[in-house]
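Number of protein chains: 2
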Amino acid sequence: GCVGNLGGFAGVFDACSAGYRHPLLVSGTDGVGTKLKIAQACGRHDTIGIDLVAMCVNDVLASAAEPLFFLDYFACGSLDGAIARDVIAGITDGCCSAECALLGGETAEMPGMYRKGEYDLAGFVVGAVEMKDLLPRSVDIRPADVVIGIASSGLHSNGFSMVRKVVEMSGLGYKDASPFGTGHTLGADLLVPTKIYSKSLLPVLRGAHVKAYAHVTGGGLPENLPRVLPRGLAASLDSNHWEVAPVFAWLQHVGGISESEMLRTFNLGVGAVLVVSPEGTSEVLAAIRQSGEKAWEIGVLAEKHGDTPGVIVSNLGESLERALKCCDVTAATAAANHLTEHES
Amino acid sequence: GCVGNLGGFAGVFDACSAGYRHPLLVSGTDGVGTKLKIAQACGRHDTIGIDLVAMCVNDVLASAAEPLFFLDYFACGSLDGAIARDVIAGITDGCCSAECALLGGETAEMPGMYRKGEYDLAGFVVGAVEMKDLLPRSVDIRPADVVIGIASSGLHSNGFSMVRKVVEMSGLGYKDASPFGTGHTLGADLLVPTKIYSKSLLPVLRGAHVKAYAHVTGGGLPENLPRVLPRGLAASLDSNHWEVAPVFAWLQHVGGISESEMLRTFNLGVGAVLVVSPEGTSEVLAAIRQSGEKAWEIGVLAEKHGDTPGVIVSNLGESLERALKCCDVTAATAAANHLTEHES
Numbered sequence: 408g409c410v411g412n413l414g415g416f417a418g419v420f421d422a423c424s425a426g427y428r429h430p431l432l433v434s435g436t437d438g439v440g441t442k443l444k445i446a447q448a449c450g451r452h453d454t455i456g457i458d459l460v461a462m463c464v465n466d467v468l469a470s471a472a473e474p475l476f477f478l479d480y481f482a483c484g485s486l487d488g489a490i491a492r493d494v495i496a497g498i499t500d501g502c503c504s505a506e507c508a509l510l511g512g513e514t515a516e517m518p519g520m521y522r523k524g525e526y527d528l529a530g531f532v533v534g535a536v537e538m539k540d541l542l543p544r545s546v547d548i549r550p551a552d553v554v555i556g557i558a559s560s561g562l563h564s565n566g567f568s569m570v571r572k573v574v575e576m577s578g579l580g581y582k583d584a585s586p587f588g589t590g591h592t593l594g595a596d597l598l599v600p601t602k603i604y605s606k607s608l609l610p611v612l613r614g615a616h617v618k619a620y621a622h623v624t625g626g627g628l629p630e631n632l633p634r635v636l637p638r639g640l641a642a643s644l645d646s647n648h649w650e651v652a653p654v655f656a657w658l659q660h661v662g663g664i665s666e667s668e669m670l671r672t673f674n675l676g677v678g679a680v681l682v683v684s685p686e687g688t689s690e691v692l693a694a695i696r697q698s699g700e701k702a703w704e705i706g707v708l709a710e711k712h713g714d715t716p717g718v719i720v721s722n723l724g725e726s727l728e729r730a731l732k733c734c735d736v737t738a739a740t741a742a743a744n745h746l747t748e749h750e751s
Numbered sequence: 408g409c410v411g412n413l414g415g416f417a418g419v420f421d422a423c424s425a426g427y428r429h430p431l432l433v434s435g436t437d438g439v440g441t442k443l444k445i446a447q448a449c450g451r452h453d454t455i456g457i458d459l460v461a462m463c464v465n466d467v468l469a470s471a472a473e474p475l476f477f478l479d480y481f482a483c484g485s486l487d488g489a490i491a492r493d494v495i496a497g498i499t500d501g502c503c504s505a506e507c508a509l510l511g512g513e514t515a516e517m518p519g520m521y522r523k524g525e526y527d528l529a530g531f532v533v534g535a536v537e538m539k540d541l542l543p544r545s546v547d548i549r550p551a552d553v554v555i556g557i558a559s560s561g562l563h564s565n566g567f568s569m570v571r572k573v574v575e576m577s578g579l580g581y582k583d584a585s586p587f588g589t590g591h592t593l594g595a596d597l598l599v600p601t602k603i604y605s606k607s608l609l610p611v612l613r614g615a616h617v618k619a620y621a622h623v624t625g626g627g628l629p630e631n632l633p634r635v636l637p638r639g640l641a642a643s644l645d646s647n648h649w650e651v652a653p654v655f656a657w658l659q660h661v662g663g664i665s666e667s668e669m670l671r672t673f674n675l676g677v678g679a680v681l682v683v684s685p686e687g688t689s690e691v692l693a694a695i696r697q698s699g700e701k702a703w704e705i706g707v708l709a710e711k712h713g714d715t716p717g718v719i720v721s722n723l724g725e726s727l728e729r730a731l732k733c734c735d736v737t738a739a740t741a742a743a744n745h746l747t748e749h750e751s
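Just so you know, the protein sequences line up as chains A and B, in that order.
For the first sequence, our numbering gives the first residue as 408, with consecutive numbering after it.
For the second sequence, our numbering gives the first residue as 408, with consecutive numbering after it.
Derived by calculation from the structure, the hints in this document are not laboratory data.
Only a predicted model underlies this, so the values are computations on that prediction, with no experimental measurement involved.
There is no bait here: all hints are sound.
Copies of the same chain look alike in the list, so a pair counts if it works inside one copy or between any two.
Once the Cα atoms are required to be at most 30 Å apart in a straight line, the calculated DSS-like pairs of lysine-lysine come out as:
hint, residue 1, residue 2
1, Lys444, Lys523
2, Lys582, Lys444
3, Lys572, Lys523
4, Lys539, Lys606
With the rest of the complex left out, here is chain A:
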């Protein structure tokens, strides 16, 4: 769909050549938050661009839009060629995974604005969807509809201010062995890039059974799932039905974080959710698994009464406890004890 325009002032894209008859354009912008600070602390810049593309692309999927093109904004104090090259390489990888064109970008050098080695990133995506495929189909959503959870790859790009605090409390460095038994460093495990769901989920989202998709970002399941539900409906989820990844259990344990704060800060293993008709559930689950994603039936919709929450998650404590068994908490515990002794 790209129309050649190298060195031009703007990128040109032909949406009609992408096969659309009357496309709605769907557009979103996002950053990667303070996951940047961890990338910068680890000196590892080649995957944060994947996160940037993912955060934007996974948002336009909420309209069942196919990502067409992406633009990035890269801001720094003074340009470090090696860092910029790695960052752009990650963005290019992300665009390949999302099958969208990298149409343009802006590199801004702003002396005095960013410290040496620091930079910020913003991404912008435009997708397209035929009117008939547009999600959410709110009028069709009803009690007993099933909530399907799609596995995240880890933290994705939310909650990193909290992550940094907990890592500091743990006494671990980003280069230390990960306490999650992966054989990687802690930094590498925290930086695992956000999953890009467009290729795997788009065919499913445009099928007959899916009524809504929510991207689980800041605010977690309790704030993102209700964004696509009609008033009057609530979701009842059971965390025993999905895999809560060890990283979340470790963060809760070391940081002493409440369950409700965990729910509103992290994806807890579910990067996106679909609302599906009960009769279509097994077909949708099979299609998603066929595409290579892990997915689970994690809950169901029901009438919402009065001021009750829009999302209830049961068995979270139990799930976190089970996940914690995969973590090595000795180092963190020793550090915490040391801190306590030091303070008393």
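Based on the hints, put chain B in the right spot on chain A.
Using the frame of chain A, we list chain B on its own:
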């Protein structure tokens, strides 16, 4: 063209309802550079959003695209409601002037990334143009075509790292009276928002006579005009044919900046240029002036020989000298003398 989607994950826009049959999408991203630092130093946040919209919108005009919608990325350390409100108000003003929809945005709070009171901004615009109207029409551009310059409103959003250095050398503060005889403060004069050209220029750009449009941003006339010229053609411009604003003369005088650096850093009074057929020039000039913009015939295209520059500007020294007569340089001169005495 907006399709209601409040609280949704992404904005939805119907380009076909905007009257396009086979629209090409034209997209650009930009920031406002260190003009931000001056807005922040002056505590004046309600016009920098206009600059942000202008920098993006004026870029997609290079394809003769009508801006359809805009998204912003606003990043700060911790959100200051009053500042954010002013910034967004400016963005809204800019979108009104450009007649494009503010379709969405992202507000990122990143503790430890930005200092108190500091923030960064990125903008993204999507425009549309029918294939038949797409600019530049490079094959039609030939020797003797006329270059029309459109007046800028001042510095626009480029060269501000240099501006900040010169202001520091001048001994003036942003709250001091402007040395340009405007009756405003220096800060206010430096912050005059970038002109948004879409409303006034789009009808002209889609007329028969215009072959190319260049947005004069970083790199000035020498780097931006050649971006739309075919190899083998150069532009010969005469700065006596346009109004070089006093601000540029003052910056050169106080900063001791060479003419060639002035040309590559600032717009020098010309915010955009059009390449027009000789027979269409008077009609195009009349139409632009009718729309309320100042415009001048500033030069002509000719064959380019060998390694000669793509843009030659004559009489610049004379024009700057004349403009300097409108400036009060006593304060800056006194400060410079004081510095010199102090150092010796």
